[in-house]
Amino acid sequence: MKTCQEITEKIEKGNVRKLSIRERIAIRRHLKICPDCDHYAKDSAILDRLLRLELKRMKQYKFTQEEKSALIEKLR
Amino acid sequence: MTEKTINTSDLIENNSDYLLRFAMTKLSDLELAKDLVQDTFLSALSKLDTFEERSSLRTWLTSILNRKIIDHWRKAETRYTDPVSTFFDQEDPNKHWITNTRNNSDLDNIEKRIIEDESYQELSDCIDTLPEKWKGIISSKYLQEKISDEICKEYDVTPSNLWVIIHRTKLLLRECLKTKNLE
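In order, the protein sequences belong to chains A and B. Read in order, the letters of the first sequence correspond to residues 90 to 165 in our numbering. Read in order, the letters of the second sequence correspond to residues 171 to 353 in our numbering.
No lab work stands behind these hints, which were simulated from the structure alone. Don't take each hint at face value.
[Claimed, not checked] Pairs of lysine-lysine, BS3-like flavour, derived with a Cα cap of 25 Å:
id: 1; chain 1: A; residue 1: K107; chain 2: B; residue 2: K316
id: 2; chain 1: A; residue 1: K157; chain 2: B; residue 2: K217
id: 3; chain 1: B; residue 1: K316; chain 2: A; residue 2: K131
id: 4; chain 1: A; residue 1: K91; chain 2: B; residue 2: K265
id: 5; chain 1: B; residue 1: K265; chain 2: A; residue 2: K99
id: 6; chain 1: A; residue 1: K91; chain 2: A; residue 2: K131
id: 7; chain 1: A; residue 1: K131; chain 2: B; residue 2: K204
id: 8; chain 1: A; residue 1: K163; chain 2: A; residue 2: K151
id: 9; chain 1: B; residue 1: K217; chain 2: A; residue 2: K163
id: 10; chain 1: A; residue 1: K163; chain 2: B; residue 2: K204
id: 11; chain 1: A; residue 1: K121; chain 2: A; residue 2: K99
id: 12; chain 1: A; residue 1: K99; chain 2: B; residue 2: K245
id: 13; chain 1: B; residue 1: K265; chain 2: A; residue 2: K157
id: 14; chain 1: B; residue 1: K265; chain 2: A; residue 2: K121
id: 15; chain 1: B; residue 1: K323; chain 2: A; residue 2: K107
id: 16; chain 1: B; residue 1: K348; chain 2: A; residue 2: K99
id: 17; chain 1: A; residue 1: K99; chain 2: B; residue 2: K316
id: 18; chain 1: B; residue 1: K238; chain 2: A; residue 2: K157
id: 19; chain 1: B; residue 1: K348; chain 2: A; residue 2: K131
id: 20; chain 1: A; residue 1: K151; chain 2: B; residue 2: K204
id: 21; chain 1: B; residue 1: K316; chain 2: B; residue 2: K245
id: 22; chain 1: B; residue 1: K238; chain 2: A; residue 2: K163
id: 23; chain 1: B; residue 1: K265; chain 2: B; residue 2: K316
id: 24; chain 1: A; residue 1: K151; chain 2: B; residue 2: K303
id: 25; chain 1: B; residue 1: K265; chain 2: B; residue 2: K245
id: 26; chain 1: B; residue 1: K245; chain 2: B; residue 2: K350
id: 27; chain 1: B; residue 1: K238; chain 2: B; residue 2: K316
id: 28; chain 1: B; residue 1: K245; chain 2: B; residue 2: K217
id: 29; chain 1: B; residue 1: K323; chain 2: B; residue 2: K265
id: 30; chain 1: B; residue 1: K245; chain 2: A; residue 2: K131
id: 31; chain 1: A; residue 1: K131; chain 2: A; residue 2: K151
id: 32; chain 1: B; residue 1: K348; chain 2: B; residue 2: K282
id: 33; chain 1: B; residue 1: K323; chain 2: A; residue 2: K99
id: 34; chain 1: B; residue 1: K217; chain 2: A; residue 2: K131
id: 35; chain 1: B; residue 1: K316; chain 2: B; residue 2: K303
id: 36; chain 1: B; residue 1: K238; chain 2: A; residue 2: K151
id: 37; chain 1: B; residue 1: K303; chain 2: B; residue 2: K238
[Unchecked claim] Between beta-carbon pairs, the in silico distance windows are:
id: 38; chain 1: B; residue 1: D276; chain 2: A; residue 2: R106; range: 25 to 31 Å
id: 39; chain 1: A; residue 1: A159; chain 2: B; residue 2: D276; range: 44 to 50 Å
id: 40; chain 1: B; residue 1: E222; chain 2: A; residue 2: L108; range: 37 to 43 Å
Treat the numbers as computed from the prediction; the structure is a model and nothing was measured. Yeah, the Cβ is synthetic: ideal placement off N, Cα and C, and Gly gets one too.
One chain only, chain A, in its complex shape (with noise of 0.2 Å):
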């Protein structure tokens, strides 16, 4: 019997590495009688599904014209 901890532990495993038929029926089966875990997987989709694209859109960030000039003028 494995615990919660160890279950979401092993979904995100699951991300990164191929599991073992055990491990996956595992948590096949405690999904299937732990509503938070079950909860877990789903949100663990979707925070990848976020992730990817708030990191694309990254953000505007820029020097300003004049922290150029001077890191031109620092170089030189």
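Please build the complex by placing chain B on the supplied structure of chain A, with the hints as guidance.
Here is chain B on its own, set in the frame of chain A:
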């Protein structure tokens, strides 16, 4: 050997904003990011001879910057309180979820709203609360789509560290998003 020369203003005009954005995906501190970009140009110009034109100039600059960011983490690395005990009951043999952190609120509604309203600010605020090394790891994973082995090598973590970090990251982000949506 011919000395390689380069137009400094072009170099900076063409690459500084790109490098700054790259640095900010891995750091939370804008001033620090600007300093590291400046250091990157300094190092690049001082070792221009080692630049092999197999890779693009930008790729080369990015790799110098990336090493500077990793060096910064090595120096700055502090103990981070393991948040796991805030989510799972460590006294319970089954380490079941602690009731008040259970997620009955719907992250899928939050996702829909974020996308529809293009309100990414709360998400990026939540990402900024993560330890810097974790932020770097998720940026390598989700932005650069690096494979896990490469991430482990780059950040000096074992594969099991990696998925434990991703697990903790998601727990923290979920909690943060939920809290912001209750406000």
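Hints versus structure:
1. Distance hint between A/K107 and B/K316 is fulfilled; the C-alpha atoms sit about 17 Å from each other, no more than 25 Å.
2. At roughly 21 Å between alpha-carbon atoms, A/K157 and B/K217 fall within 25 Å of each other, so this suggested pair holds.
3. Our distance criterion of 25 Å between C-alpha atoms is met by B/K316 and A/K131, whose separation comes to about 23 Å.
4. Between A/K91 and B/K265 the CA atoms are separated by roughly 9 Å; this keeps the pair inside 25 Å, and the hint holds.
5. With a CA separation close to 14 Å, the supplied pair B/K265 and A/K99 stays within the 25 Å bound.
6. The straight-line distance between the Cα atoms of A/K91 and A/K131 is roughly 19 Å, inside the 25 Å bound, and the hint therefore holds.
7. Among the hinted pairs, A/K131 with B/K204 is inconsistent with the structure: their alpha-carbon atoms are about 38 Å apart, more than 25 Å.
8. At roughly 18 Å between alpha-carbon atoms, A/K163 and A/K151 fall within 25 Å of each other, so this suggested pair holds.
9. A C-alpha spacing of about 16 Å is found between B/K217 and A/K163, which places the hinted pair at or below 25 Å, so the restraint holds.
10. Pair hint A/K163 plus B/K204 holds up; C-alpha atoms about 14 Å apart against a cutoff of 25 Å.
11. Between the alpha carbons of A/K121 and A/K99 the distance comes to roughly 15 Å, so the proposed pair stays at or under 25 Å and holds.
12. Annotation: proposed proximity of A/K99 to B/K245 is violated, straight-line Cα distance about 31 Å (limit 25 Å).
13. Proximity of B/K265 to A/K157 is assessed by CA-CA distance (about 53 Å); at most 25 Å being required, the pair is judged violated.
14. A C-alpha spacing of about 17 Å is found between B/K265 and A/K121, which places the hinted pair at or below 25 Å, so the restraint holds.
15. A threshold of 25 Å between alpha carbons decides the hint, and for B/K323 with A/K107 the separation of about 19 Å falls inside it, so the pair holds.
16. For a cut-off of 25 Å, the pair hint linking B/K348 to A/K99 stands: about 23 Å separates their Cα positions.
17. This hinted pair checks out: A/K99 and B/K316 have alpha carbons roughly 20 Å apart, not beyond 25 Å.
18. Between B/K238 and A/K157 the CA atoms are separated by roughly 20 Å; this keeps the pair inside 25 Å, and the hint holds.
19. About 15 Å separates the Cα atoms of B/K348 and A/K131, which keeps this hinted pair within 25 Å; it holds.
20. The straight-line distance between the Cα atoms of A/K151 and B/K204 is roughly 9 Å, inside the 25 Å bound, and the hint therefore holds.
21. Using a Cα cut-off of 25 Å, the hinted pair B/K316 and B/K245 holds, with the two alpha carbons roughly 24 Å apart.
22. A threshold of 25 Å between alpha carbons decides the hint, and for B/K238 with A/K163 the separation of about 19 Å falls inside it, so the pair holds.
23. Note on B/K265 and B/K316: the hinted pairing is violated, with a Cα-Cα distance of about 32 Å set against a maximum of 25 Å.
24. A C-alpha spacing of about 23 Å is found between A/K151 and B/K303, which places the hinted pair at or below 25 Å, so the restraint holds.
25. With a CA separation close to 34 Å, the supplied pair B/K265 and B/K245 exceeds the 25 Å bound.
26. A distance of roughly 32 Å separates the Cα atoms of B/K245 and B/K350; the hinted pair therefore is violated under the 25 Å criterion.
27. About 19 Å separates the Cα atoms of B/K238 and B/K316, which keeps this hinted pair within 25 Å; it holds.
28. A hinted pair counts as satisfied when its Cα atoms are at most 25 Å apart, and B/K245 with B/K217 qualifies at roughly 24 Å.
29. Using a Cα cut-off of 25 Å, the hinted pair B/K323 and B/K265 is violated, with the two alpha carbons roughly 31 Å apart.
30. Pair hint B/K245 plus A/K131 does not hold up; C-alpha atoms about 37 Å apart against a cutoff of 25 Å.
31. Pair hint A/K131 plus A/K151 does not hold up; C-alpha atoms about 36 Å apart against a cutoff of 25 Å.
32. Of the supplied pair hints, the one linking B/K348 and B/K282 holds, its CA atoms being roughly 14 Å apart against a limit of 25 Å.
33. Restraint check: the Cα-Cα separation between B/K323 and A/K99 comes to about 21 Å, which is no more than 25 Å; the hinted pair holds.
34. Taken as a hint, the B/K217 and A/K131 pair is broken in the structure, with Cα atoms around 49 Å apart against an allowance of 25 Å.
35. For the hint linking B/K316 to B/K303, the alpha-carbon distance of about 15 Å falls within 25 Å, and the restraint holds.
36. A C-alpha spacing of about 19 Å is found between B/K238 and A/K151, which places the hinted pair at or below 25 Å, so the restraint holds.
37. Annotation: proposed proximity of B/K303 to B/K238 holds, straight-line Cα distance about 13 Å (limit 25 Å).
38. Evaluation of the 25 to 31 Å hint for B/D276 and A/R106 yields a pass: the beta carbon distance comes to about 29 Å.
39. A hinted range of 44 to 50 Å for the beta carbons of A/A159 and B/D276 is consistent with their spacing of about 49 Å.
40. Take B/E222 and A/L108: their Cβ atoms lie about 41 Å apart, and the range 37 to 43 Å holds.
The structure fails to meet hints 7, 12, 13, 23, 25, 26, 29, 30, 31, 34 from the earlier list, while all remaining hints are met.
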